[in-house]
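Mind assembling these two chains? They're in different frames, but the hints should get you there.
Residues per chain, in single letters:
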Amino acid sequence: MAGAGGGGNDVQWCFSQVKGAIDDDVAEADIISTVEFNHSGELLATGDKGGRVVIFQQELESKNQPQCRGEYNVYSTFQSHEPEFDYLKSLEIEEKINKIRWLPQKNAAQFLLSTNDKTIKLWKISERDKRPEGYNLKEEDGRYRDPTTVTTLRVPVFHPMDLMVEASPRRVFANAHTYHINSISVNSDCETYLSADDLRINLWNLEITDRSFNIVDIKPANMEELTEVITAAEFHPNQCNTFVYSSSKGTIRLCDMRASALCDQHSKLFEEPEDPSNRSFFSEIISSISDVKFSHSGRYMMTRDYLTVKIWDLNMESRPVETYQVHEYLRSKLCSLYENDCIFDKFECCWNGNDSVVMTGSYNNFFRMFDRGYRQDVTLEASRESSKPRSVLKPRKVCTGGKRKKDEISVDSLDFNKKILHTAWHPQDNIIAVATTNNLYIFQDRLTSIQ
Amino acid sequence: MSEEIEGTRPATDEATHKEQQEIDDNVISPEKAEEVKLKARYPHLGAKPGGSDLLRKRLQKGQKFFDSGDYNMAKAKVKNKQQLPAVTPAEKAEITGDHIPTPQDIPQRKPSIVASKLAG
Chain A
330 MAGAGGGGND VQWCFSQVKG AIDDDVAEAD IISTVEFNHS GELLATGDKG GRVVIFQQEL
390 ESKNQPQCRG EYNVYSTFQS HEPEFDYLKS LEIEEKINKI RWLPQKNAAQ FLLSTNDKTI
450 KLWKISERDK RPEGYNLKEE DGRYRDPTTV TTLRVPVFHP MDLMVEASPR RVFANAHTYH
510 INSISVNSDC ETYLSADDLR INLWNLEITD RSFNIVDIKP ANMEELTEVI TAAEFHPNQC
570 NTFVYSSSKG TIRLCDMRAS ALCDQHSKLF EEPEDPSNRS FFSEIISSIS DVKFSHSGRY
630 MMTRDYLTVK IWDLNMESRP VETYQVHEYL RSKLCSLYEN DCIFDKFECC WNGNDSVVMT
690 GSYNNFFRMF DRGYRQDVTL EASRESSKPR SVLKPRKVCT GGKRKKDEIS VDSLDFNKKI
750 LHTAWHPQDN IIAVATTNNL YIFQDRLTSI Q
Chain B
13 MSEEIEGTRP ATDEATHKEQ QEIDDNVISP EKAEEVKLKA RYPHLGAKPG GSDLLRKRLQ
73 KGQKFFDSGD YNMAKAKVKN KQQLPAVTPA EKAEITGDHI PTPQDIPQRK PSIVASKLAG
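Those protein sequence lines, which keep their order, are chains A and B.
Everything in the first sequence is counted per this note's numbering, starting at 330 for the first residue and increasing by one.
Everything in the second sequence is counted per this note's numbering, starting at 13 for the first residue and increasing by one.
Next up, chain B with everything else stripped away, as it sits in the complex (with noise of 0.2 Å):
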C-alpha cells in the first residue's frame, strides 16, 4: 500500500494512518483477521462471498445420482450396511454400483421400517 507514488505526497503520515488503520482492523474486527486467514489459505476464493456461488450451491443440495437405478443401488448399500453387520467375508467382497448385478445380488426383502428411538 505505501508504495503509491503520489504528486504531493505527505508521505509519513499517510503511510502511518493506512498502518493505523490496519492496526485498527485486526484489533476492532476479528471478522477481518479471520477474512485474511481464509484469504491466505484459499486465495481463489470469489470476490463475491455471498453471491451466486454460494446460494447455487444451497438452491441444489443433495447428492446427485446418475439415474433412478443408481440411487436403488446405493440405497440398498446402505440399507444392507446398517441391517446386517456381521457380513460374510465374500459377501463383503462384492460392492454393488461397482460391477453389473446379478439378481443374487439384489436383497430381496424391502427391510421393514426401524422405529425412532425416542418412542424407545
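Isolated chain A (complex conformation) (with noise of 0.2 Å):
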C-alpha cells in the first residue's frame, strides 16, 4: 500500500527541498525547535535553539513545472530571543523559540509572535522595494550637504531596489510568568492571544504589553501539593470565548471566558478512564500530553501522548473518538527510555487543510500519519539517502519481533537520537514540513493528473 495515508488512498509523498547543513556534528544552536505554516501557507517559520527564526516564501508556480508546487526559499531570518540570566534564580533563561504562531494578514506586512521561556515577542516582517531619492539636504550617501551651496529645491521621489525584507520587533511580552512557557496561541478576535507556562495561563492584548490577565492559574497554596502541570494551550479556531489545556495527567479541560474572569473552573474535562488494573509506574508519564490542536474545523480537536494521537469530539468528554498507534512497539522499552529520558520527549501533532489526515513524529527520523476517513495510516521517513528531487517515499516498517523481513527495522536498531518532534502541514495544500534535529525536510504529494 505504497504512499498510502494523506487525503485520499492513493497519495504519494515526495521529497521536495531539505534546509540546513548536512554535517553529523549538529551545533546545539542549530537545534530546530519550532515549525509553523502562516495562514495562507505561502511563508514556512522556524525556530532553533539559538533563539533564530528563519523565514521561508513559496515560490510562485512556474509554467515550466507545472507538476511542482513552489520550492520555499529563505525570505528573512533573524535573532529573536538572546540568552538572559534571572539574576534572582541564578538561572539561565534560554534563547530556544519554543513557539512560532502567525498572526492573520492585515496588511502588506506579515507579523507573528515568538517565545522562549519567559519573554514574547510581535515581530514585524514587512519588505522595501522603493527607496526615495533625491533629498535636498543630504547626498546619496547620507552626508549633508552644505546648506549654503543649495540653489534649487526638489521634490524627493521614489525608485525601485532590490527587495529588502526587514524584520523588527514591535511588541516585547515580558515579565508575566514565572514558570516556562510552553504554549501561544492567537485568538480568533485577531485582538488577544494566550501563554501558558507549567502552572498559569494569561490573556494578552496585542497592543498592550504592560498588561496581562491571569485566566487560569493550577498552583496548589502548598507545592508539597502539586500534582500536574499545564503541558499545552490553545485556542478555538472561531469561538473566541474558548480555549483548551492539556495536563500531564493526561486530561483537557476546556474552558470559557465568559463564564468568569478566571477560568479555574473548567466548563468541559475531557479524560479517557483508565484501567486501574494496568497502571504502572509509567502510566502518569506516558499519559502526559505534549500537545493539544483543535481541529480547522473546530468541532475535533487531537492530542498526543507519548504513545499515541487522539481524536476528541468536543461535544464528548469521556473518551476519544479515535485512538491511533504512533508506536506501540516502545511500550517493551520504557524502562530504558526512562533511563535515557527519551520518554520525556514532547512530540508534536498536525492536521491537513481538510482535517481528514493527522500527522505526528517518532524517532528514526520516522514521522507516521493517519487517514481517518480510510482507516489507513503509514510511517515515512526524513533522510539525506531518500532525498533525490521529486523520488516518492518508501512507507517505512518496524518490525516488533519474531522474523525480520527485508526493508523492515527492528525496534533495537532505531536511533533514538533521531527524534521528529515538530511538524507541520500547509493550510491548503499537500505539503508538510518536517523537523529533524537540524534538518528541515520538505515534502509534497506527487500532483496526480486528472483524467
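Read the hints as simulated data drawn from the structure, not as lab findings.
Hints may be right or wrong, so weigh each one.
Said to hold, decoys possible - Pairs of lysine to aspartate or glutamate residues, derived as EDC-like cross-links and limited to a Cα-Cα distance of at most 20 Å, are as follows: (1) B:K91 with A:E357; (2) B:K73 with A:E357; (3) A:K748 with A:D674; (4) A:K597 with A:E646; (5) B:K73 with A:E553; (6) B:K49 with A:D491; (7) B:K73 with A:D741; (8) A:K418 with B:D79; (9) B:K91 with B:D79; (10) B:K89 with A:D674; (11) A:K450 with A:E411; (12) B:K69 with A:E668; (13) B:K73 with A:E423; (14) A:K548 with A:E495; (15) B:K69 with A:E646; (16) B:K76 with A:E423; (17) A:K578 with B:D65; (18) B:K49 with A:D741; (19) A:K675 with A:D359; (20) A:K378 with A:E421; (21) A:K662 with A:E553.
Treat the numbers as computed from the prediction; the structure is a model and nothing was measured.
Below you can see the structure in the form of C-alpha cells.
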C-alpha cells in the first residue's frame, strides 16, 4: 500500500527540499525547536535553540514545471531572542524559541509571535522595494550637504530597489511568567492571545505589553501538593471565548472565558477512563499530553501523548472518538526510554487542511500519518538517502518481533537520537514540513494528472 | 505472596490464581514487565512516580549558576570553544572558572552572532 495515508488513499509523498547543514556534528544552536506555516501557507517559519527565526517563502508556480508546487526559499532571518540571566534565581533563561504563531494577515506586512521560556515578542516582517532619492539636504550616500550650496529645491522621488525584507520587534511581552512558557495561541478575534506556562495561563492584548490578565492558575497553595502541570494550550479556531489546556496527567480542560474572569473551573473535562489494573510506574508519564490542536473545523481536537494520538469530539468528554498508535512497540522498551530520558520527549501533532489526515513524529527520523476516513496509516522517513528531487517516499515498517522481513527495521536498531518532534502541514495543500534535529524537510504529494 | 497464612485456606487455588495473575500481567502488560525491570535497577525509586519529584524537576529546569559572574564566565568558555578551535597549548591549559581570572583571560569582544544554517 505504497504512499497510503493522506487526503485520499492514493497520495504519494515526494521529497521536495531539505534545508540545513549535512554534517553530523550538530551545534546545539542549530537544533530546530518549532515549525509553523502561516495562514495562507505562503510562508514557513522555523525557530531554533539559538533563538533564531528563519522564514521561507513559497515561490510562485513556474509555468515550466506545472507538476511542482513552488519551492520554499529563504525570505527573512533574524535573531528573535537572546540568552538572559535571571539574577534572582541564578538561572539561565534559554533563548530557545519554544513556539512561533503567525497572525492573520491584515496589510502588506506579516506579523508573528515568537516566544522563549519567559518573553513573547511580536515581530513585523515587511518588504521594502522602493527607496526615496533626491533629498535636498543630503547626498545620495547620506552625507549632509552644505546648506549654502543649495540653490534649488526638488521633491524626492521613489525609485525601485532590490527587495529588502526587514524584521523588527514591535512589541515585547515580558515579565508575566514565573514558570516556563510552553504555548502561545492567537485568538480568532485577532486582538488577543494567550500564553501558557507550567502553572498559569495569561491573556494579552496584542497592543498592550505592560498588562496581562491571568485566566488560569493551577498553582497549589503548598507546592508539595503539586500533582500536575499545564503542558499545552490553544484557543478555539472560531469561538473567541473558548480555549483548552492539557495536563501532564492526560486530561484536557475546556474553558469558557464568558463564565468568569478566572477560568480555574473548567467547562468541560476530557479524560479517558483508565483501567486501574493496567496501571504501572510509567502510566502517568506516558499519558502526559505533549500537544493539543483543534481541528480546522473546530469540532474536534487532537492530543498527543507518548505512544498515541487521540481525536476528541468536543461534544463528548468521556473518551476520545479515535485513538491511533504511533509506536506501540515502545511499550516494551519503557525502562530504557526512562533511563535515557526519551520518555519525556514532547512530540507535536498536526492536522491537514480538511481535517481528514493527522500527522506526528517518531524516532529514527520516522513520522506517521493517519488517514481518519480511509482508516489507513503510513510510516515515512526523513533522511538524506531518500532525498532525490521528486523521489517518492517509500513506506517504512518497524519489525516488532520474530522474523525481520527485508526492508523492515527492528526496534532495537532504531536511533532514538533522531527524533521528529516538530511537523507542520500546509493549510490547504498537501505540503508538509518535517523537522529532524537540525534539518528541515519539505515533502509534497505527487500531483497526479486528472483523467 | 504465597506465604500468607490465612484462616481458611483454599491454598493451592489461591496460589495458582496469583501466579496466573502474575503471568497474565507479564503477558498482557509489557509495561508492567518494564516496571519490574526498572524497580530492579533502581530499588529506591519513589512510590509516587508522577508526583512531586518529577514535576518539581520539570518546573526548575536549567543549570543553576552561583551568580551572574559565574554565568558569564561559563558562557565565555563555551563561546571560546566554539569560535577558536585552534587554540595554543598555553591557552588551553588555562580553564576559566577554576581560578580567579585576570583581565587578560577574559575575551575582549562579544562574539558576533552566527547565522542559522537553515538560511545558508
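Structure-based check of all given hints:
1. B:K91 with A:E357: Status holds; Cα separation ~12 Å.
2. B:K73 with A:E357: Within the cut-off at roughly 17 Å; holds.
3. A:K748 with A:D674: 9 Å, holds
4. A:K597 with A:E646: Given that 20 Å is the threshold and the Cα spacing comes to 7 Å, the pair holds.
5. B:K73 with A:E553: 17 Å, holds
6. B:K49 with A:D491: Distance of about 64 Å is beyond 20 Å: violated.
7. B:K73 with A:D741: 30 Å, violated
8. A:K418 with B:D79: 9 Å, holds
9. B:K91 with B:D79: Distance ~19 Å between B:K91 and B:D79 Cα, so the pair holds.
10. B:K89 with A:D674: 29 Å, violated
11. A:K450 with A:E411: 12 Å, holds
12. B:K69 with A:E668: 15 Å, holds
13. B:K73 with A:E423: 10 Å, holds
14. A:K548 with A:E495: 41 Å, violated
15. B:K69 with A:E646: At roughly 31 Å apart (the allowed maximum being 20 Å), A:E646 and B:K69 break the hint.
16. B:K76 with A:E423: 12 Å, holds
17. A:K578 with B:D65: 15 Å, holds
18. B:K49 with A:D741: Answer holds: B:K49 to A:D741 is near 17 Å, not above 20 Å.
19. A:K675 with A:D359: This hinted pair holds, its Cα atoms lying about 18 Å apart.
20. A:K378 with A:E421: Since the Cα atoms of A:K378 and A:E421 sit roughly 14 Å apart, the hinted pair holds (cutoff 20 Å).
21. A:K662 with A:E553: 31 Å, violated
Hints 6, 7, 10, 14, 15, 21, counting from the list given before, are not met by this structure.
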